[in-house]
Structures are given as C-alpha cells and as structure tokens.
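Participant: Chains as they are written, first to last, in the numbering used here: chain A, 1 to 408; chain B, 1 to 293.
Careful: at least some of the hints might be erroneous.
Cross-link-like lysine to aspartate or glutamate pairs, in silico, EDC-like; alpha carbons within 16 Å at most [said to hold, decoys possible]:
#  : chain 1 : residue 1 : chain 2 : residue 2
1  : A       : LYS169    : B       : GLU184
2  : B       : LYS248    : B       : GLU212
3  : A       : LYS169    : B       : ASP154
4  : A       : LYS104    : B       : ASP261
5  : A       : LYS171    : B       : ASP281
6  : B       : LYS175    : B       : ASP144
7  : A       : LYS288    : B       : GLU213
8  : B       : LYS236    : A       : GLU28
9  : B       : LYS236    : A       : GLU289
10 : B       : LYS236    : B       : ASP253
11 : A       : LYS169    : B       : ASP261
12 : B       : LYS233    : B       : GLU184
13 : A       : LYS171    : B       : ASP261
14 : A       : LYS101    : B       : ASP227
15 : A       : LYS169    : B       : GLU212
16 : B       : LYS170    : B       : ASP227
17 : B       : LYS59     : B       : GLU88
18 : B       : LYS245    : A       : GLU287
19 : B       : LYS236    : A       : GLU287
20 : A       : LYS101    : B       : ASP261
21 : A       : LYS231    : B       : ASP261
22 : A       : LYS169    : B       : GLU213
Label-pair distances were calculated between CB atoms; the ranges are [unchecked claim]:
#  : chain 1 : residue 1 : chain 2 : residue 2 : range
23 : A       : LYS231    : B       : LYS76     : 47 to 55 Å
24 : B       : GLU85     : A       : GLY252    : 24 to 32 Å
25 : B       : ASN155    : A       : ASP317    : 48 to 56 Å
26 : B       : ILE232    : A       : ASN299    : 28 to 36 Å
27 : A       : LYS405    : B       : GLN263    : 29 to 37 Å
28 : B       : ARG292    : A       : PRO129    : 56 to 64 Å
29 : A       : LYS104    : B       : LYS146    : 37 to 45 Å
30 : B       : SER54     : A       : TYR263    : 54 to 62 Å
31 : B       : LYS236    : A       : GLY17     : 34 to 42 Å
32 : B       : TYR116    : A       : GLY347    : 25 to 33 Å
33 : B       : PRO142    : A       : LYS231    : 30 to 38 Å
34 : A       : VAL211    : B       : TYR116    : 34 to 42 Å
35 : A       : GLY347    : B       : ASP64     : 48 to 56 Å
Where chain A lies over chain B, by a calculated footprint (3+ residues, C-beta under 8 Å) [unchecked claim]:
#  : segment
36 : 231 to 244
37 : 261 to 267
38 : 273 to 287
Don't read these hints as lab results, they were simulated from the structure. Just so it is clear, the structure is predicted and the values come from calculations on it, not from any experiment. Ideal Cβ positions, reconstructed from N, Cα and C, are used throughout, including at glycine.
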Amino acid sequence: MFNLLHNDLIILLTSIGGILILARIFSELGKKIKMPIVMGEILLGIVLGPTIFGAISPYWSAALLPKVGAAKIAMEGITNIAVVMLLFVAGMGAQLQVMLKQGKAGAYTSFTSMLIPFVLGFIAVWFFPHFFTFAPDRKLAYALFFGIAMAVSALPVITRILMELNLFKTKVGMIIISAAIFDDLTGWILFSFVLSIMGEHSDVSNIWFTVGMILGFGFFMLTIGRYFINKTLQWIQQKPAWAGGVLTIALGLCFLGAAFTEYIGLHAILGAFIMGIAFGDSVHLQEKEREIIHQFVTNVFAPLFFVSIGLKVNFIDNFDLPLVMLVFFLAVGCKVFGGYLGAYLGGLTKREALAVGFGLNARGAMEIILGTIALNVGLIDAKMFVALVVMALITSMISGPLMKKFLD
Amino acid sequence: MQLDLNKLKKRSSYPFETIAVALSFSPRCLPVLAEAKRLSTLLNASLILIHIGSKTSDKEKMLDDLMDEVGIDDNKSRIIWMEGEPVETILKLCKLHIVDLLIIGALVKENFVKFYIGSIARKISRKAKCSVLLLTNPTEHPLDYKKFVINGIDNPKTIHTISTAFYLAKHLQVKDINIVNETEIIGLDAAPTFENVDAETKKSQKSFAANEEKVLQSIIEKNITADLSITIKNIKGKPGYAISKFAKDNKADLLIINSPDVQLSFVDRIFTHDIEYILADLPCNLLIIHSRV
Chain A
1 MFNLLHNDLI ILLTSIGGIL ILARIFSELG KKIKMPIVMG EILLGIVLGP TIFGAISPYW
61 SAALLPKVGA AKIAMEGITN IAVVMLLFVA GMGAQLQVML KQGKAGAYTS FTSMLIPFVL
121 GFIAVWFFPH FFTFAPDRKL AYALFFGIAM AVSALPVITR ILMELNLFKT KVGMIIISAA
181 IFDDLTGWIL FSFVLSIMGE HSDVSNIWFT VGMILGFGFF MLTIGRYFIN KTLQWIQQKP
241 AWAGGVLTIA LGLCFLGAAF TEYIGLHAIL GAFIMGIAFG DSVHLQEKER EIIHQFVTNV
301 FAPLFFVSIG LKVNFIDNFD LPLVMLVFFL AVGCKVFGGY LGAYLGGLTK REALAVGFGL
361 NARGAMEIIL GTIALNVGLI DAKMFVALVV MALITSMISG PLMKKFLD
Chain B
1 MQLDLNKLKK RSSYPFETIA VALSFSPRCL PVLAEAKRLS TLLNASLILI HIGSKTSDKE
61 KMLDDLMDEV GIDDNKSRII WMEGEPVETI LKLCKLHIVD LLIIGALVKE NFVKFYIGSI
121 ARKISRKAKC SVLLLTNPTE HPLDYKKFVI NGIDNPKTIH TISTAFYLAK HLQVKDINIV
181 NETEIIGLDA APTFENVDAE TKKSQKSFAA NEEKVLQSII EKNITADLSI TIKNIKGKPG
241 YAISKFAKDN KADLLIINSP DVQLSFVDRI FTHDIEYILA DLPCNLLIIH SRV
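Here chain A stands alone, though its shape is the one from the complex (with noise of 0.2 Å):
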C-alpha cells in the first residue's frame, strides 16, 4: 500500500503548482502568436517530459517529475479527474436538440461523417494490420479504436472556426454542428465500447451485455436523468443561500456518473461525457454558471491534463514520419469525404458539401483525450498516440482556411 510520505507531497504539491504557473506562462506566450491554449500545454508537458528536460538532465527530471512511487500515483488519479472533467464540459456544450433540426442534410451528413471514416479506420487496420502495431489479441479492439479515431470531431474547435468565418447560424454551419455533436455522441459511446471488450474475459454475453447497458445508462440519463437533473437545478436555483450549490451539484453528478460507468464496466468518459450532456442541456443552468464551470476546469484541470501528455511520451523518438503521414491523410481523406457525401446527398452544393467535409475535419483536443486514453490503458503505443496529436493539431489549423476557400 502507498502512503503519500512528507517528500511525496512536496514533490507532488510542487509539480502541481509549477505546471499550473508554467502552463499559463506558456498560454499567454501562445496568445501572441495565436496559438491556442491547448497547443501551449501539450508544449510545455514536451519540454518537461523526456523529450526535452528528461532528455537533458534526467536526474532532475526524475526527482521533479517522479515516474514511480506514491506521488506519481497521486499525479495520475489527479490526470484522470481532470479527463473525466474535461469529457463532462465537453458533454455540456453538446446539444442534441440541434441534430433534431437539421432535415435531411443534417441526418445523411451526421451519418455518413461518422460512418465513412470508422469503417475506413477499421477496414485499414483490419486488411493492413503490418502498417500498425498492436498487441495480437487485440486486433479487433484497435480496429475499432482507429476508426474512431478517423470519425471523432471536436465541437469547441468546429464552433470556434464558425464564429471566426461568420458562419455559425448559416445553413452550412448548423449542419456541421449538428453532425459533429452527433460524431462526438456515437464516438465516445463506441469508444467507451471499445474499452470495456479489452478485458481478458470479454466473451459474446459479456458484449452484449456492455451493448445493454451503455444504451441503457444512455438512454436513461438523455431522458428521465436529464428531467430529474433539470428540476433539482430549476429548486437549486430558487435557493438564493445555496451560493455555489450548481457548481457543488454539477462536480457531484459528473463524478457519479463517471462511477457508475466504471463500476458498470464502461470507462469513467462515458458517464462524465452523457451526465455532461443531460446537465448542460438544463435550461436552469445560467450563464455564470456554466462559466464559473468552464473556468474551473480551463484553469486548473486542462492544464494539468494537456501537460502530463507531454510528460508520459518522448515526442521525438517516437516521431515516425511515415505512420504520421498515414494517419494524417488517412484521417484528412475519409473525414472530408464522409462530410462530403451526406451533405451532397442532403442537398448542399458540391462546394457547400466540400466545406463541410473540412469543417467537420478539426479533431483538436477530443483526439488527443481520445489518444491519450487508448496510450494509458495499453491499446495503442507512444508513435501511434504522437501520430494523433499531430494529426489532430494540424487538422484543426487546416480546417478554417480550407472551409473559407469553398465558400468564398
């Protein structure tokens, strides 16, 4: 049993209060070259991490950073509730309603975004399996893992870039939204799928049963969880003396949710990213809320998770050119063309359809969490995980600029 001693907790008290200075440090030095935070972080974790500062002085690096023993431990139960919160802010900002709005193109571009690439994920690693690396008993789960991969989306990039390009409300717009909350829903719901058949006792009962049960714990919380959630917020609400209670209420729940999925035998994401959904959908939810919220988790949580990424790989050594050339356009390529298709299918204009296509390309941080995960529990290795961050950092700078271009 690991006891946190007098060194662990100034080692890891530490570590904590100097990556949380740096990383901001390292943000506002991005801001002027308008990087974004994201980007900042995961650079400075590189620069800590083995590749840079481990690199040089790995003596210092080990005493700072510790790689074994109690406070390493703590480090990562705190990185794996900074993940659960991220996935439950995450789950906030997606909003179901808008897919319900979007007719025909809406539905054929959600699925085909989503389809398209996931199959041509799992049909790559499945017929090419030599261009990967994966545990042989684990074939069928990185498969799915990498077609995932392909099909995520991320909301926060994509609504950024349609605010930048004056497009949010547009026809196009909506369209991209909506497909990629519905690319975020099915891909983390598949994900968390994925993770629960790594077991070594994963046998056709036990998959149906995990099948069950995420529709169930879904199906559960988008309806009657959501109702219940919105009215305690709507009482909370009327409690002038509860100050504080949403933010109290909104931890509370999202950590619940996490629990219940783990115990179930789904991973902690799914619970953290459905309980984030039904609470941010509560029309009881004010604005200063939800910020106080969004600045809890931007502040403190993010940093400490974008940076133990740099932290856990050497970025350099595991740099292999030919596999981040494969995922990157493999990535490119089926995305648009997934984008492309249902919206030409739903009505759009080949043009419309191609802005679309690469609008729904940004994968930004859900990639990375995404990665992240399948590196810490064994189902991909360290040039597999840097292949997708790179992907997904340049997917998100391309997808602006190459949006403008088909709608100019």
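Since the structure of chain A is provided, determine the placement of chain B on it from the hints.
Facilitator: Leaving out everything else, chain B in the frame of chain A:
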C-alpha cells in the same frame, strides 16, 4: 368544396382576412368567442366558428346564446359543424376556407402526460398551415393589448413574423414592442477549455450579436409603417425558453413567434427545443405566424 392549395401557397401572412375560432363548449368558450369577435372587428375580418362534434339542438341553442352575448353578427360570420378527429378536421377546414388566423383557447400548462401525448390546441399549433393564436387567459370583456414580444431570431420567416406583428400592433394600437433575438452559440462555451483564447472568443461572440442586431434593424426599417416604440433585445439562452422567460418576466400580453421549421414529433418534446419550450408553459397569449414561405 374542394381544397385549392394554390390559393394558400405564397399567400401573405397578413392581413388576417378570415379568422376562425375553434369552439368546444367548455367554460372558456364564451371568453374565447368574445376575443375572436373583438379581433375580427378590429381587423375587419370575416369570422368562422368551428365546432368538431355532433350538431344537436342543445348545442345550437347554446351557440346562439353565446353569439348573442358577445354580439356576433350572423351576416358577418359562418358556423361550421363537423364530426371527426378534431385536430385533422380543424386543420383541413382551415385550409379549405383559406383561414389566415385560427384562435383557440389553451391552458397555460398541460399536465405531464397530456403534454407528451399532446393536447388538441398544442397539436394544432405544431401542425397548422395558418397562423394560430393561443389564448391562455381570455375574458368576456377582452382587455387591450399593451405589450408585444416578437421573436427576432435569424431565420427567413422572421421578416414575415415581424411585419405581421407590426400590422397587428397598428390595428390593436399597441405601442410597446420588444423584438427579442435569442443567441445561443452551441459548443462555444467549451472552446476556451480546449482550443481558443478567451479574448478572441468573447470578441467573436460580441461581433456575432452585433451583426444579428444590424440585420434586425434593417428588417424593422423596411417594415415599419406606424408610430411604434420598438426595442431590440439580445438575450442569451436556449431559443424558445429564453424568449418565453423574457415574455413572462416582462408581463407581455402577446408573444409572437415563427411557425416551426420542421415537422415536430414526440421526440421533440423529449429533447425539448424552440417552440416546445413555449408550449410546455405558455408565458402569455401566443401567436404563431405561419408565413407560408
């Protein structure tokens, strides 16, 4: 009489030349009829009284008494008795008689089960191909409307809704008009956490709201024909819920909104959005403008 859909197509949402009122012989029947009479007089419209159900002598007598009480002139109105499924029959009759405005009495809030199954008034509101006025608290001696709240959401229908609201305001002599634009940027609140810098996000949001206000301003300038006091409000929140709360908080007499963009179903009540928030708990009288665009 044959249905001639060509007469309905592209028909302007105003003036209201034909007003129909659905009667159920409930205790609210008299006040609803009184309100319909007042509106038809003020708007110089012909009035159709519709009852879905059997025509009995008792009912005929009751209707005669009601009409006498509110002073409806037989020559300027028609009575239609028809049996059948109420919602579909009323909607069909409205199309058949080229009704511009259908008036129905409605409860502020339906009970849980009835809301999800759908009451007659709410079902009609979702499906009607003409404008619908839901009266939540009609009285035998209708009061003057003082305050309108109109949705100013970015939608091709909005221009028709605003111009119809101005037409109505002019005839009802309403001076206080609030045009409310609800802004909700889906997913943007999470953007600073992942991708963006705060200042840029806020800048984008501000310029977005400013653009929308500019569009609204130009719609108003093009359509205003009377001396009206118009205020544009930008409010944040879920479309439907935010404007409903605004109307309630500001004690509006009439909330005027666009007709739904898509065919609404049971699922839309589960994942509530837009008009469904308003129908779930009517903040005041509700006018849904069907612009036929």
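Participant: Now tell me, hint by hint, if it's right for this structure.
Facilitator: Now for the hints, and whether the structure bears them out:
no.	hint	verdict
1	A:LYS169 x B:GLU184	holds, 10 Å
2	B:LYS248 x B:GLU212	violated, 23 Å
3	A:LYS169 x B:ASP154	holds, 8 Å
4	A:LYS104 x B:ASP261	holds, 13 Å
5	A:LYS171 x B:ASP281	violated, 29 Å
6	B:LYS175 x B:ASP144	holds, 11 Å
7	A:LYS288 x B:GLU213	violated, 23 Å
8	B:LYS236 x A:GLU28	violated, 29 Å
9	B:LYS236 x A:GLU289	holds, 13 Å
10	B:LYS236 x B:ASP253	violated, 22 Å
11	A:LYS169 x B:ASP261	holds, 14 Å
12	B:LYS233 x B:GLU184	holds, 14 Å
13	A:LYS171 x B:ASP261	holds, 13 Å
14	A:LYS101 x B:ASP227	violated, 37 Å
15	A:LYS169 x B:GLU212	holds, 10 Å
16	B:LYS170 x B:ASP227	holds, 8 Å
17	B:LYS59 x B:GLU88	violated, 22 Å
18	B:LYS245 x A:GLU287	holds, 15 Å
19	B:LYS236 x A:GLU287	holds, 8 Å
20	A:LYS101 x B:ASP261	holds, 8 Å
21	A:LYS231 x B:ASP261	violated, 28 Å
22	A:LYS169 x B:GLU213	holds, 14 Å
23	A:LYS231 x B:LYS76: 47 to 55 Å	holds, 49 Å
24	B:GLU85 x A:GLY252: 24 to 32 Å	violated, 48 Å
25	B:ASN155 x A:ASP317: 48 to 56 Å	holds, 54 Å
26	B:ILE232 x A:ASN299: 28 to 36 Å	holds, 35 Å
27	A:LYS405 x B:GLN263: 29 to 37 Å	holds, 35 Å
28	B:ARG292 x A:PRO129: 56 to 64 Å	holds, 58 Å
29	A:LYS104 x B:LYS146: 37 to 45 Å	holds, 43 Å
30	B:SER54 x A:TYR263: 54 to 62 Å	holds, 60 Å
31	B:LYS236 x A:GLY17: 34 to 42 Å	holds, 35 Å
32	B:TYR116 x A:GLY347: 25 to 33 Å	holds, 32 Å
33	B:PRO142 x A:LYS231: 30 to 38 Å	holds, 35 Å
34	A:VAL211 x B:TYR116: 34 to 42 Å	violated, 27 Å
35	A:GLY347 x B:ASP64: 48 to 56 Å	holds, 53 Å
36	231 to 244	holds (count 4)
37	261 to 267	holds (count 3)
38	273 to 287	holds (count 3)
Consistency note: the structure conflicts with the earlier hints numbered 2, 5, 7, 8, 10, 14, 17, 21, 24, 34.
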